[in-house]
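A.B. asks: Below are the chains, spelled out letter by letter.
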Amino acid sequence: MKRRNVLVGAMAAFVSACNEVSETSVFRNLVDGAQSWHRGLHRALGFGRITMAPEYKASEISPFFRGNGSRDVDTDAYRKAEAEGFANWRLSVTGLVDKELSLSLEDIRALPQRTQITRHDCVEGWSAIGEWTGPQLSHVLEAAGVKEGARFAVFRCADTLGGSEYYESVDLDDAYHPQTIIAHELNGEPLPVINGAPLRMRIERQLGYKHAKYLTGIELVDSLTPIAGGKGGYWEDRAGYQWYAGI
Amino acid sequence: MTKLGKIKLTKRHALSTRIWHWVNAISVIILFMSGLTISNAHRRLYWGDWGFDSSQAWFVAPMFPGWATIPTRYSLAIARDYHVLFALVFGFSLLAFMLTALLNGHIYRDLFARAREWSPANVWLDIKEHLKFNFEPVEGKYNILQKIAYAGVVFVLLPLMVFTGMAMSPGMEAAWPWLGEMFGGRQSARSIHFICAFALITFLIVHVLLVLVSGPIRQLRDMITGGRAE
Chain S
1 MKRRNVLVGA MAAFVSACNE VSETSVFRNL VDGAQSWHRG LHRALGFGRI
51 TMAPEYKASE ISPFFRGNGS RDVDTDAYRK AEAEGFANWR LSVTGLVDKE
101 LSLSLEDIRA LPQRTQITRH DCVEGWSAIG EWTGPQLSHV LEAAGVKEGA
151 RFAVFRCADT LGGSEYYESV DLDDAYHPQT IIAHELNGEP LPVINGAPLR
201 MRIERQLGYK HAKYLTGIEL VDSLTPIAGG KGGYWEDRAG YQWYAGI
Chain X
1 MTKLGKIKLT KRHALSTRIW HWVNAISVII LFMSGLTISN AHRRLYWGDW
51 GFDSSQAWFV APMFPGWATI PTRYSLAIAR DYHVLFALVF GFSLLAFMLT
101 ALLNGHIYRD LFARAREWSP ANVWLDIKEH LKFNFEPVEG KYNILQKIAY
151 AGVVFVLLPL MVFTGMAMSP GMEAAWPWLG EMFGGRQSAR SIHFICAFAL
201 ITFLIVHVLL VLVSGPIRQL RDMITGGRAE
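Chains S and X, in that order, are what the protein sequence lines are. For the first sequence, the positions run 1 to 247 when the working numbering is used. For the second sequence, the positions run 1 to 230 when the working numbering is used.
Isolated chain S (complex conformation) (with noise of 0.2 angstroms):
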């Protein structure tokens, strides 16, 4: 009895130290530690190519894709959009370019396409598979402009989760990466309003979260730390999910 005492009271101190220490901030430098580690990985192991996600057969995509977070943006706005067919809808594109942009969904579907067949996975651990057709982000940041010290693309959403605006924000890397697609099509249809309807990012190599719907702006910026919480997206700052979700 007595052993199991001295167990049971092991466990729990071992149990209420990782309750605190998630609260350190050398947990919280180790954590961000480990991210750059697993970043740094998953690029080097590549040896030198561009990383690309799988992408899969039209036989292999899921029958229904479901739709998380914000299903719909309940505001006036939206739902006289969303009646006129998004015909009025803008994408901006701002910060440090060149010249910033306003985008028509005729202006992106006027843009050389991407379809890509890929695999969604949502941080909780499911996945769906869907299709994907719109421009590169590459091309559309070539049109504006990127300037010199501009390190990060910031996306811009119509939707509010718990009364704070959805956003969220990829590196350089990410933002010209092959994969990386302004999606205004699932699966051959015009998104779905659960999906993200009009428009949405595909960034592949990184979890669902990341893969902002109701895409209203795309800012170039130096800094992610002036933004909202500072920590460069609505789950990062709210939650702390990890900024880098390629893992």
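For the record, the hints were derived by calculation from the structure and aren't laboratory data. A hint or two may mislead.
[Unchecked claim] Over the 10 angstroms line for every Cβ pair with chain S, so calculated as not near, a few chain X residues: (1) Ile30; (2) Thr72; (3) Asp222.
[Stated by the list, open to error] Derived coverage of chain S by chain X (criterion: at least 3 residues anywhere in the stretch with Cβ under 8 angstroms from a Cβ of chain X; other residues may be distant): (4) 27-38; (5) 135-147; (6) 200-211; (7) 236-247.
[Claimed, not checked] Cβ-Cβ distance ranges computed for the label pairs, FRET-style: (8) X:Val156 with S:Ala13: 29 to 35 angstroms; (9) S:Asp237 with X:Phe92: 27 to 33 angstroms; (10) X:Pro177 with S:Lys80: 39 to 45 angstroms; (11) X:Arg73 with S:Lys80: 51 to 57 angstroms; (12) X:Ile127 with S:Ala44: 43 to 49 angstroms.
In this text, a Cβ means the ideal position worked out from N, Cα and C, and glycines have one as well.
Once you have looked at the hints, place chain X on chain S.
C.D. replies: Chain X only, in chain S's frame:
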């Protein structure tokens, strides 16, 4: 045999083995408990590449209670922090142990079973001796059941945990796409990761119980100080 080899043989457990044993024990426990939180975030398991609702699931894991999870109060973000940090400790320490154990002869000398040890008569004898709580090997450091258990954990379960974990990481899979294919898709890798985690925890429990019935003080002391080779 070199001088170095002789010195090593005077200890029951080499220093590298002892360091790895404890680093690995801590990593496995933290990874398992934070893994239970991650399981709680989405309790269904699937085969193949994709799956998100009950019609595709082959298994629904129970909701693991707070006392078994890290952190105690549900936080997927903090659980993932522990998981991605200790995944590196776990993976690289395993790699270092395997290389060292290969070079110092531990794998060949102590873990590999010789042909005669595989004879049904020897295996049966060892099972009977285990049931009598006699764990002394007839020759060498470990008996056949110990060799099967230790080699199975070191060469099968632990590497499977590492590779199925890597296969689930989208950035890693982009670098090594064969990882996911090897396991039959990301959701299969996730299911195998879950199964192996419980196999490993079963090993851990049996391992601790057997230590408790075979002179726990001596066993623990030897795994810390090295003990003396018999």
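A.B. asks: Go ahead and decide if the range 27 to 33 angstroms is satisfied by the Cβ distance of Asp237 (chain S) to Phe92 (chain X).
C.D. replies: Given range 27 to 33 angstroms: holds, Cβ gap about 31 angstroms.
A.B. asks: Do the beta carbons of Ile127 (chain X) and Ala44 (chain S) sit within 43 to 49 angstroms of each other?
C.D. replies: holds, 47 angstroms
A.B. asks: Using the beta carbons of Val156 (chain X) and Ala13 (chain S), state whether their distance is inside 29 to 35 angstroms or not.
C.D. replies: holds, 33 angstroms
A.B. asks: Can you confirm whether chain X covers the segment 236-247 of chain S, using C-beta to C-beta distances below 8 angstroms and requiring at least three such residues?
C.D. replies: holds (count 8)
A.B. asks: How does the coverage statement for the segment 200-211 of chain S fare against chain X, requiring three or more residues with Cβ below 8 angstroms from a Cβ of that chain?
C.D. replies: holds (count 4)
A.B. asks: Quick check on a hinted range of 51 to 57 angstroms for Arg73 (chain X) and Lys80 (chain S), using CB atoms only.
C.D. replies: Once the Cβ atoms are compared, 42 angstroms apart, the range 51 to 57 angstroms for Lys80 (chain S) and Arg73 (chain X) is violated.
A.B. asks: At least three residues with a C-beta closer than 8 angstroms to a C-beta of chain X: is that true for the segment 135-147 of chain S?
C.D. replies: violated (count 0)
A.B. asks: Compute the least Cβ-Cβ separation between Asp222 (chain X) and chain S, then decide whether it is above 10 angstroms.
C.D. replies: holds, 19 angstroms
A.B. asks: So is Ile30 (chain X) really clear of chain S, every C-beta pair being over 10 angstroms apart?
C.D. replies: Non-interface label fails for Ile30 (chain X): nearest chain S Cβ at 7 angstroms, not farther than 10 angstroms.
A.B. asks: Are there at least three residues in the segment 27-38 of chain S whose beta carbon sits under 8 angstroms from a beta carbon of chain X?
C.D. replies: holds (count 7)
A.B. asks: Starting from the hint 39 to 45 angstroms, judge whether the C-beta atoms of Pro177 (chain X) and Lys80 (chain S) obey it.
C.D. replies: holds, 43 angstroms
A.B. asks: Please settle this one: Thr72 (chain X) was flagged as non-interface, so is its CB more than 10 angstroms from every CB on chain S?
C.D. replies: violated, 6 angstroms
The structure does not agree with the numbered hints 1, 2, 5 and 11 stated previously, though it agrees with the rest.
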